[in-house]
Structures are given as structure tokens and as C-alpha cells.
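Peer 1: Given next are the chains, with one letter for each unit.
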Amino acid sequence: MKTAACLWFDAELGAYLEGENKPFVASHAQECPFCQVVLADLEQLCSLARQLAPAEPSPAVWANLHAVLEEEGMFRRKLGAWDWFRQLQFPQHPAPIGALICLMVLGSLLTLPPVSLERRGTPESASPSKAAVVSLASPSENSALALAIRDMETSYRAGAKFLTPEIKATYEKGLNSLDASIRECTDSLQQQPDNTLAHEYLLTAYTRKAEVLASALEYEGR
Amino acid sequence: MSPQKTAAVKAASETQLIARAQQGDEGAFAALFEAHKRRVYSLCLRMTGNTAEAEDLTQEVFLQLFRKISTFRGESAFSTWLHRLAINVVLMHLRKKGLQQVSLDEVDTSQDEPVKRDYGDEDRRLMGSIDRISLSRAIAELPPGYRTVFVLHDIEGYEHNEIAEIMNCSVGNSKSQLHKARMKLREGLRQDRNKAASGASVPAEQAVDER
Amino acid sequence: MLDRQGIAKKGNWAERGWKGLTLLLVPAAALLAAGNRLEKTFDTSPNPRISVTNVTGQVVVRGWDKPQVHAVYTVVSPRVEVDTEVLPRIGAADKIHFTTHVLDPLVSGNEQAADYTLDVPIGASLEIRNPQGSVRIEKLQAEASVESVGGSIIATDCSGHLAARSVGGDIEIIRPSGHVEAYSITGNLHFVSPATSKLRGSTTSGRILYEGDFVEGGDYVLSDYSGDMDVICPASASYELNAKTVRGKLINSLLITPRRRSPSPFSSASSLLGTHNTGKATVELKSFSGTIRIRQP
Chain A
1 MKTAACLWFD AELGAYLEGE NKPFVASHAQ ECPFCQVVLA DLEQLCSLAR QLAPAEPSPA
61 VWANLHAVLE EEGMFRRKLG AWDWFRQLQF PQHPAPIGAL ICLMVLGSLL TLPPVSLERR
121 GTPESASPSK AAVVSLASPS ENSALALAIR DMETSYRAGA KFLTPEIKAT YEKGLNSLDA
181 SIRECTDSLQ QQPDNTLAHE YLLTAYTRKA EVLASALEYE GR
Chain B
223 MSPQKTAAVK AASETQLIAR AQQGDEGAFA ALFEAHKRRV YSLCLRMTGN TAEAEDLTQE
283 VFLQLFRKIS TFRGESAFST WLHRLAINVV LMHLRKKGLQ QVSLDEVDTS QDEPVKRDYG
343 DEDRRLMGSI DRISLSRAIA ELPPGYRTVF VLHDIEGYEH NEIAEIMNCS VGNSKSQLHK
403 ARMKLREGLR QDRNKAASGA SVPAEQAVDE R
Chain C
434 MLDRQGIAKK GNWAERGWKG LTLLLVPAAA LLAAGNRLEK TFDTSPNPRI SVTNVTGQVV
494 VRGWDKPQVH AVYTVVSPRV EVDTEVLPRI GAADKIHFTT HVLDPLVSGN EQAADYTLDV
554 PIGASLEIRN PQGSVRIEKL QAEASVESVG GSIIATDCSG HLAARSVGGD IEIIRPSGHV
614 EAYSITGNLH FVSPATSKLR GSTTSGRILY EGDFVEGGDY VLSDYSGDMD VICPASASYE
674 LNAKTVRGKL INSLLITPRR RSPSPFSSAS SLLGTHNTGK ATVELKSFSG TIRIRQP
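Protein chains in written order, with my numbering: chain A, 1 to 222; chain B, 223 to 433; chain C, 434 to 730.
Just so you know, the hints here were simulated from the structure itself, not pulled from any lab data.
The structure displayed is predicted, hence computed values, not measured ones.
Some clues are possibly wrong.
Stated by the list, open to error - The calculated lysine to any residue pairs, modelled on SDA-like cross-linking and capped at a C-alpha distance of 25 angstroms, are:
1) C/K473 / B/N383
2) B/K290 / C/S484
3) A/K168 / A/L147
4) B/K259 / C/L539
5) B/K290 / B/Y380
6) C/K682 / C/R608
7) B/K319 / B/F294
8) C/K473 / C/I523
9) C/K713 / C/S659
10) B/K319 / C/Q574
11) A/K161 / B/Q244
12) A/K173 / C/D661
13) B/K402 / A/L17
Stated by the list, open to error - Examples of chain C residues toward chain A, derived with CB under 10 angstroms:
14) L471
15) K473
16) T474
17) P511
18) G542
19) Q565
20) Q574
21) V600
22) G601
23) I618
24) T637
25) G639
26) Y658
27) S722
Quick reminder that beta carbons are idealized off the backbone N, C-alpha and C, glycines included.
Whenever a hint applies, use it, and build me the whole structure from the sequences.
Peer 2: Now the structure itself:
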């Protein structure tokens, strides 16, 4: 027959098994064979649960995981032409990579002859052809700087799905603004190749774009 | 080497592995997976009771881990961080499946099957009659809410205040659910043992009821 | 069947059970109502380095005259944790790092929020990253670096080197007296009563508003691409001006003594080089297609 003592035992059993001081549980278990059974069973259960050996997943788990990580470009590739650039870990250090790009740009400005800043031919001759407008001192579409930024943008686009909508919208707005300024400056330079302010803005736009992409890549990595 | 020194060396090795993984070192990824896969998989398996789901979830846990590993700065033990991540992934999976029982909020449990205490059997004890396989099977058959709290507390070693935070419930609720989970497990194991002994299934209502 | 003693015992047991439940539920309810708020105080060296890495929410940092950091942080979701790293672990801290971790990938939006309010020694150097949330810092004397993506940044009465960067968030710098660098892509920049001798402000499509005087010997460069720029300074301001725009307009209401143009090729739609009063500060204003306006208050 289940007595009130057994009910009290039921009520305190959980706490007793947690290690709380419940002397009534132990004393009642000595008097009541039925409650003694329950206590012994649960103690055995808890003990066995702690000893459960870890299970082993099938090899397919790693195979699938590896495939996904490789597709996402999580593994560091073997050193290639641009890996010296990636090794700078720009996702973690956007400021240094922005500074590096500025140095690249400044280096090109200081070391290359300012051929493009001089008007070709006499003032009476036809205006410079668009092909001749390409300035060695400004980033062009195929310059090392533009290629590096394009590389960063590809990585950003691949991971943009992991950004929250608000953050993604902010980055997209910023990048669109910078792309518009790059296009406008490039057009301006085609018409006025010696416009130093346009040169300056174009370089700044590329630098800022690199910084924004570096920030976005770092955020995607979180 | 003393246990403390072994632990220190192991921690230092893992720190190096993590640093290498943060650099995208494929070997480091593999080593971290190898070191922690069993514990993560076991947790997923015990909480879902299904091997296919557990493997999918294990993959998802490590995927999230490796994507976020650059943010790990060593403020807590790596295994703790990984473990919490695994629990959250599994809980979200269970909730998405629409298993409302996963919540441990104080709800009306009067519709639950009463936890039975079998009295009157001559061989009343479970002792010696359950093995790890039987226990694993019985855990898998628990309702999700009971299973979760039992796995977290009795197998994974979480305290009730931690379980309460994970499950968004009170400490008292966690304790009461754990006790019910244990009693339910006991009942399930006794029924399995009785079936095995009689060689036939025994309908629940034929078990000796609570006094 | 229960005997009388059994009934009495059962009654006592039930009463204890209800009391226990009440004792458990009341504090739990209070905790739930308050959210998850934590408050900690750390003893620090006079010039510690403090960093906050957050996701979203408000970060407020104020300087005070105690060698302590008093931190209050509140999280909305239990799936969001704030980790604190203190170095060294024992004794006065030289470095304290606060990091918000979102443990559950399904937690999104405002549920990811962690709000920080920190009182730090005025000599503390600061590094704050709060991509989606706002940042406000006040009364700091050492260097401060603040980065946001979409959140606003407001710095008041800071006398150390201040670097504020955002992609889309607005930046407002009020009464700075140390070097200032403020950069945004689409956010607006607003400088109020700067007392600094070196200021750099740049935005691509945002607006720039500068209200205040120029310090003698100071060096100021404001640049935007397509946004408008307004400089409102007193008639007594003394500066050398170099203002230029490629496709925008230049509107000046102050008396400028023009300087002879340098022989270097220079091509812009509008430019103005000259001196206001005695030209004691150097002010460079650049815009590609925005309008630059210089006027008195």
C-alpha cells in the first residue's frame, strides 16, 4: 500500500538524486521495500547514463562536410599568384589591407612616368583618343588594384547570403555608391585626362571599395 | 606525464589547431572534427533518437563551427563553445519539426501518461537487467522534452540552471521534468524486460498499477 | 486509504509544495520581466585598453575619474551571450574585451541585441565594433576607434585621437579636441564646435556639415563625392581655403582674398583658393559633384 510517506518519498526523490540533503529518502527506503526498489533502479539508471559511450558517426559526415567547406572556399588554397595578397588575412584586418592598396596606388603614382598627364600632340590636333586616355597612374579596369578588388568582390558575393538583410542592404548601398563614383570618375577622365581631382577621387573610390569589401568579408566570416 | 600536464599539453595543441583552422588549414579542420565528432554526434543522436537526423545535425554543427571559428578568441573552453552550439542546433531542429514537447514550460501535464510504479512483482529490480543498448533504445523512445533534459543532465552533465537557460524554463521545471524522465525511462526499461522475459508483448494496462 | 495522520502529513506536504513553488516562481518572474541584465565592476590600471565587439544594440561609453570599469549589459535573448576577457586575470586589468556571441543562428534582428553601458577611466583607449547598432562615447582623453556598418556614431567631448568609420551610419563629432578622422560611404558627417588642430572627414554620397571655428595652425580636410557640404564658421575665423569641385557648385558667403593660382595643371569646374582674415588655419574642401557652401551662422 502506498502511504503518505511514500508520497513524500516521491516528492523528495528527485532532489535526493541531485545530491541534495534529503535524509527522509534514505531512511524511508530502508523501511519500504517498494520505494527501495525505485531508488535502486534510478540510481543504477543515472550511473549507467553517465557511462554511455560516445557513438561514432559514419565517414559520410566528414565527406559531406569537407565538400561543403571546399565549395565555400574555407580551405586555404595552395599559393598562387594572388595568395600573397590573401595571406594578409584581410577579413580580419581591413585597415591594413586598405593601407596596402593605398601604398600600391601611391607607388604607381610615384614610380611610373606621368605620360598620361601630358596632352598628346599640339592643341590644334584632334583630342586624344579614348584608347590613349588610359592612365598609368590611375587604376584601370585591368590594373592590379582593380583585379584585386574584383577578387574580393567575388568572395563577398559568394558569402553575401549569410548576411542579415539590414547589413546586406547597407553594404550594397555603399558599394553601389562607390561603383557610381568609379564610373563617373572614369568617364570624366576620358573627357579630361589631366583632371587631377578626378584621378584623386578615382583612387579614393577604389580604396574605399576595398575597405568596404574587407569589412563585409570579415562580417560574413562571423 | 601527470594528468594536469597532459591536459595542459592537450589544451595547447588544441589552441594551435584552432589558430591553424582560423587560417583555413584543411588539416586543422580535419583534426578538430576528429577530436570532437563523437561527442557532438552522441549528443545529436541521443537528443533526436534517429541516426540519419543525428548525422545531418552533426554536419550542420561543424559547418557552423568552421564558419564562425574566426570569432573564437578563447574566452571559454573550445569544447564548451562547441557543445553549446551543438545543443542549440539540435533544439532548433526539434522546434522546426514542430515537436512542442521540447519546450519545458510549466504546462498542464495532466494529459501525460501517468508515471507508473510497479509494485508486487517478485523480481522488482532492474539491477543487472539493463545494458547500454537497452538504455540507449529507451532514451530514444522518450518524449522529446523528457529526452532533452535527461540527455543534457544525466549524460552530458549540465546543471539545472544551465538547462533552464538553454531551454528557457525555470530551474524547478527542469528538475521536475528530469525526475519524470527518469521514472518514464525506468517504466520503459521494465516493460522491455518483462516482454523479453515473457517472450510476448504485454499490454500496458496489464502491468500492476500504482497503489 | 490514508489514515488521519496520513491526511495531515499529506496536507503539510502539499502546503510545503505550494510554498516552494511560489518561492521559485516569484524571482523567476522578476528575472524574466527584467530581461537578462548583468552588472560588473572591474578594477583597472589608469589607462586600460577596452574593446567591445557587438552585433547590434546600443553601446554607450563614458569616461570617469575612477580606475575602474563599470559595465552594465543587457541581452534580449537567452541565446545571446556576453563574454568578458580580463587581462591580467588577477589584479588591476590592463585590457578588458567585451564580446557578444549569438549562439543560435536562428536568432535574428533585434533579438540579437546586446546593450552596453560602460563607465571607463578617462585615460582608457577604446576600440568598438558595433555593425548594426549605435555607438555613443563621451569624455575620453585617449585614442578611440569606433566602427559601424549601419549604426550611428556620436562622440562628445573627446580629446584623444578619434577614428570613426561607418559604411552607412551617420557620424556626429561634438567638441573634439584631439585628432579626428571620420569616414563613411553613404552616411552623413556632422562636426560641431571642433577644437581640434587636425580633422579629416570623408563621405562618398552622404552630406557633410561643419559648424564651428578653425583652430590656429589647424589642418582640416573635408571631402565628399556627390553629397553636399556645408561649412558654417564665424566671421572671425582665420583660415586659408582651398575649395574645389569637378562637377558641383561652390557657394561662398565669406570674404576671401584670392591667391594666385599655381602653375600646375588644375582642372575643375569650380575652385576657390584664398585667405579669410589672416589665414591661420588650413582648410581644404573637395567635392566631385556635390555643392560646397561656406557661410556664417
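Peer 1: With reference to the structure, classify each hint as holding or not holding.
Peer 2: For each hint, the structure was consulted:
1. C/K473 / B/N383: Given that 25 angstroms is the threshold and the Cα spacing comes to 20 angstroms, the pair holds.
2. B/K290 / C/S484: holds, 19 angstroms
3. A/K168 / A/L147: Measuring from Cα to Cα gives roughly 23 angstroms; hence the hint holds.
4. B/K259 / C/L539: Cα-Cα ~23 angstroms, so holds.
5. B/K290 / B/Y380: Given that 25 angstroms is the threshold and the Cα spacing comes to 24 angstroms, the pair holds.
6. C/K682 / C/R608: violated, 29 angstroms
7. B/K319 / B/F294: Violated: B/K319 and B/F294 sit about 30 angstroms apart, past 25 angstroms.
8. C/K473 / C/I523: Holds, at roughly 15 angstroms.
9. C/K713 / C/S659: Given that 25 angstroms is the threshold and the Cα spacing comes to 29 angstroms, the pair is violated.
10. B/K319 / C/Q574: violated, 54 angstroms
11. A/K161 / B/Q244: holds, 21 angstroms
12. A/K173 / C/D661: holds, 18 angstroms
13. B/K402 / A/L17: Holds. B/K402 to A/L17 sits at ~13 angstroms (cutoff 25 angstroms).
14. L471: Where the cut-off is 10 angstroms and the nearest Cβ of chain A is about 22 angstroms from C/L471, the hint is violated.
15. K473: Interface hint status for C/K473: violated (24 angstroms vs cutoff 10 angstroms).
16. T474: For C/T474, the interface hint is violated, since the closest Cβ of chain A sits about 29 angstroms away, which is over 10 angstroms.
17. P511: At 20 angstroms from the nearest chain A Cβ, C/P511 fails the 10 angstroms test, so the hint is violated.
18. G542: holds, 7 angstroms
19. Q565: holds, 6 angstroms
20. Q574: The hint is violated - C/Q574 has no Cβ within 10 angstroms of chain A, the shortest such distance being about 23 angstroms.
21. V600: Result: holds, 4 angstroms to nearest chain A Cβ.
22. G601: It holds, given that the least Cβ distance between C/G601 and chain A is near 4 angstroms, below 10 angstroms.
23. I618: holds, 4 angstroms
24. T637: holds, 5 angstroms
25. G639: Status holds, d = 9 angstroms.
26. Y658: Since the shortest Cβ distance to chain A is 5 angstroms, the answer is holds.
27. S722: Where the cut-off is 10 angstroms and the nearest Cβ of chain A is about 7 angstroms from C/S722, the hint holds.
In this structure, the earlier hints numbered 6, 7, 9, 10, 14, 15, 16, 17 and 20 are contradicted, and the remaining ones agree with it.
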